[in-house]
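Using the sequences and the hints, build the whole thing.
Protein sequence lines, in the order shown, are assigned to chains V and U. Adding 1053 to a residue's 1-based position in the first sequence gives its number in my numbering. Adding 313 to a residue's 1-based position in the second sequence gives its number in my numbering.
Rather than coming from a laboratory, the hints here were simulated on the basis of the structure. Since the structure is predicted, the reported quantities are computational estimates derived from the model, not experimental observations. Careful, some of the hints might be misleading.
Subject to a maximum C-alpha distance of 35 Å in a straight line, what follows is the list of computed DSBU-like cross-link-like pairs (lysine-lysine) [what the hints assert, rightly or not]:
(1) U/K386 / V/K1056
(2) U/K399 / V/K1059
(3) V/K1146 / U/K386
(4) V/K1128 / U/K399
(5) V/K1085 / V/K1157
(6) V/K1072 / U/K386
(7) V/K1072 / U/K335
(8) U/K396 / V/K1099
(9) U/K319 / V/K1063
(10) V/K1099 / U/K335
(11) V/K1130 / U/K337
(12) U/K390 / V/K1056
(13) V/K1146 / U/K335
(14) U/K315 / V/K1063
(15) U/K335 / V/K1139
(16) V/K1099 / U/K315
(17) V/K1139 / U/K315
(18) U/K337 / V/K1099
(19) V/K1072 / U/K315
(20) U/K319 / V/K1065
(21) U/K337 / V/K1157
(22) U/K315 / V/K1130
(23) V/K1063 / U/K337
(24) U/K396 / V/K1139
(25) U/K335 / V/K1056
(26) U/K319 / V/K1146
(27) U/K335 / U/K399
(28) U/K337 / V/K1121
(29) V/K1137 / U/K390
(30) V/K1065 / U/K337
(31) V/K1072 / V/K1061
Pairwise CB distance ranges (calculated) [claimed, not checked]:
(32) U/N326 / V/K1146: 25 to 31 Å
(33) U/V391 / V/K1157: 35 to 41 Å
(34) U/A328 / V/K1157: 28 to 34 Å
(35) U/T401 / V/N1122: 29 to 35 Å
(36) V/G1067 / U/S342: 20 to 26 Å
(37) V/I1093 / U/K315: 35 to 41 Å
(38) V/K1072 / U/A328: 16 to 22 Å
(39) U/F393 / V/E1148: 17 to 23 Å
(40) V/K1085 / U/Y392: 20 to 26 Å
C-beta atoms are modelled at their ideal positions from N, C-alpha and C, and glycine is treated no differently.
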Amino acid sequence: MAKPIKIKAKVKNGVASVKALMPHDMETGSRKDADSGEVIPAHYIKEVVCEHNGNVVMTAYWGTGVSKNPYLSFKVKNAAAGDKIKISWVDNKGETSEGEVVAK
Amino acid sequence: DKISLKVPEIAENGAVVPVSVKTKLDNVSSISILVDENPTPLSATFELTPAVDADISARIKMGQSSNVRAVVKAGDKVYFTSKEVKVTIGGCGG
Chain V
1054 MAKPIKIKAK VKNGVASVKA LMPHDMETGS RKDADSGEVI PAHYIKEVVC
1104 EHNGNVVMTA YWGTGVSKNP YLSFKVKNAA AGDKIKISWV DNKGETSEGE
1154 VVAK
Chain U
314 DKISLKVPEI AENGAVVPVS VKTKLDNVSS ISILVDENPT PLSATFELTP
364 AVDADISARI KMGQSSNVRA VVKAGDKVYF TSKEVKVTIG GCGG
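Here's what the structure looks like:
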């Protein structure tokens, strides 16, 4: 598994504010390595799936335009403290990672 | 305006530009963020379910100053808005 995802989920008025930080190089495939002069191949997160208590609530499709160590934030309705928030991603090389937190 | 697109007017660092899209429209099925001048203009697409609020924030890369567009699909209609972001990449803003 690749590096873990850092997630924070806080519930206020029945809405869970979820903030996630995912360590990932997110290479665009347009950069050249300084020493060898070779183009660094694209390596980026393709798909991010966000689940709330086991139900998929959001799917994000990313390309090379998303920053390194992507940050993502969204709000889940009808949430309560104690709910499980899980985020998982797949990148273009087939690597995956996931993280899960209990909303506060 | 039905969509609220928040981006900095001037992005000090084009590698990390915070973008936030919020809308009060109903039945939002997807939100997409595009950057005109990037080699791949479609930066990100978020497919939402009724379980989430249409309120997304992410950080994207911009190769140069460009328009950033937010496209929102709500029901069977498509809305969009755009803002211009100047990218300085190093050096002082403004």
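Now the hints, each set against the structure:
1. The hinted pair formed by U/K386 and V/K1056 meets the criterion: a straight-line CA distance of about 33 Å does not exceed 35 Å.
2. Restraint check for U/K399 and V/K1059: the C-alpha separation of about 30 Å stays at or below 35 Å, so the hint holds.
3. A distance of roughly 30 Å separates the Cα atoms of V/K1146 and U/K386; the hinted pair therefore holds under the 35 Å criterion.
4. With a C-alpha separation of about 29 Å, the suggested pairing of V/K1128 with U/K399 holds against the 35 Å cut-off.
5. Note on V/K1085 and V/K1157: the hinted pairing is violated, with a Cα-Cα distance of about 43 Å set against a maximum of 35 Å.
6. Taken as a hint, the V/K1072 and U/K386 pair is honoured in the structure, with Cα atoms around 23 Å apart against an allowance of 35 Å.
7. In summary, the hint linking V/K1072 to U/K335 is supported, as the alpha carbons are separated by about 15 Å, within the 35 Å threshold.
8. Distance restraint check for U/K396 and V/K1099: the Cα-Cα separation of roughly 25 Å lies within the 35 Å cut-off, and the hinted pair is therefore satisfied.
9. At roughly 22 Å between alpha-carbon atoms, U/K319 and V/K1063 fall within 35 Å of each other, so this suggested pair holds.
10. Between V/K1099 and U/K335 the alpha-carbon distance is near 23 Å, which keeps this suggested pair within the 35 Å criterion.
11. Annotation: proposed proximity of V/K1130 to U/K337 holds, straight-line Cα distance about 14 Å (limit 35 Å).
12. Distance restraint check for U/K390 and V/K1056: the Cα-Cα separation of roughly 39 Å exceeds the 35 Å cut-off, and the hinted pair is therefore not satisfied.
13. Using a Cα cut-off of 35 Å, the hinted pair V/K1146 and U/K335 holds, with the two alpha carbons roughly 31 Å apart.
14. The straight-line distance between the Cα atoms of U/K315 and V/K1063 is roughly 27 Å, inside the 35 Å bound, and the hint therefore holds.
15. For the suggested pair U/K335 and V/K1139, the alpha carbons sit about 22 Å apart, so the restraint of at most 35 Å is met.
16. With a C-alpha separation of about 29 Å, the suggested pairing of V/K1099 with U/K315 holds against the 35 Å cut-off.
17. Using a Cα cut-off of 35 Å, the hinted pair V/K1139 and U/K315 holds, with the two alpha carbons roughly 30 Å apart.
18. This hinted pair checks out: U/K337 and V/K1099 have alpha carbons roughly 27 Å apart, not beyond 35 Å.
19. For the suggested pair V/K1072 and U/K315, the alpha carbons sit about 24 Å apart, so the restraint of at most 35 Å is met.
20. For the suggested pair U/K319 and V/K1065, the alpha carbons sit about 22 Å apart, so the restraint of at most 35 Å is met.
21. For the suggested pair U/K337 and V/K1157, the alpha carbons sit about 25 Å apart, so the restraint of at most 35 Å is met.
22. A hinted pair counts as satisfied when its Cα atoms are at most 35 Å apart, and U/K315 with V/K1130 qualifies at roughly 20 Å.
23. For a cut-off of 35 Å, the pair hint linking V/K1063 to U/K337 stands: about 21 Å separates their Cα positions.
24. A threshold of 35 Å between alpha carbons decides the hint, and for U/K396 with V/K1139 the separation of about 32 Å falls inside it, so the pair holds.
25. For the suggested pair U/K335 and V/K1056, the alpha carbons sit about 30 Å apart, so the restraint of at most 35 Å is met.
26. The straight-line distance between the Cα atoms of U/K319 and V/K1146 is roughly 32 Å, inside the 35 Å bound, and the hint therefore holds.
27. Restraint check for U/K335 and U/K399: satisfied, since their Cα atoms lie roughly 21 Å apart, inside the 35 Å limit.
28. With a C-alpha separation of about 30 Å, the suggested pair U/K337 and V/K1121 falls inside the 35 Å cut-off, and the hint holds.
29. Distance hint between V/K1137 and U/K390 is fulfilled; the C-alpha atoms sit about 33 Å from each other, no more than 35 Å.
30. A hinted pair counts as satisfied when its Cα atoms are at most 35 Å apart, and V/K1065 with U/K337 qualifies at roughly 18 Å.
31. Of the supplied pair hints, the one linking V/K1072 and V/K1061 holds, its CA atoms being roughly 5 Å apart against a limit of 35 Å.
32. At about 26 Å, the beta-carbon gap between U/N326 and V/K1146 stays in the expected band of 25 to 31 Å.
33. Remark: the range hint 35 to 41 Å for U/V391 to V/K1157 is upheld by a beta-carbon distance near 36 Å.
34. Judged by the Cβ atoms, the range 28 to 34 Å given for U/A328 and V/K1157 holds: they are separated by roughly 32 Å.
35. For U/T401 and V/N1122, the hinted distance range of 29 to 35 Å is not satisfied, since their beta carbons lie about 21 Å from each other.
36. Checking the proposed 20 to 26 Å range against V/G1067 and U/S342 shows it holds: the Cβ atoms sit about 22 Å from each other.
37. For the pair V/I1093 and U/K315, the supplied restraint of 35 to 41 Å holds, since their beta-carbon distance comes to about 40 Å.
38. The hinted window of 16 to 22 Å between V/K1072 and U/A328 holds, with their beta carbons roughly 20 Å apart.
39. U/F393 and V/E1148 have their C-beta atoms about 33 Å apart, which leaves the hinted 17 to 23 Å range violated.
40. For the pair V/K1085 and U/Y392, the beta carbons lie near 39 Å from each other, so the given range of 20 to 26 Å is not met.
Figure legend: structure checked against the earlier numbered hints; hints not met, in rising order: 5, 12, 35, 39 and 40.
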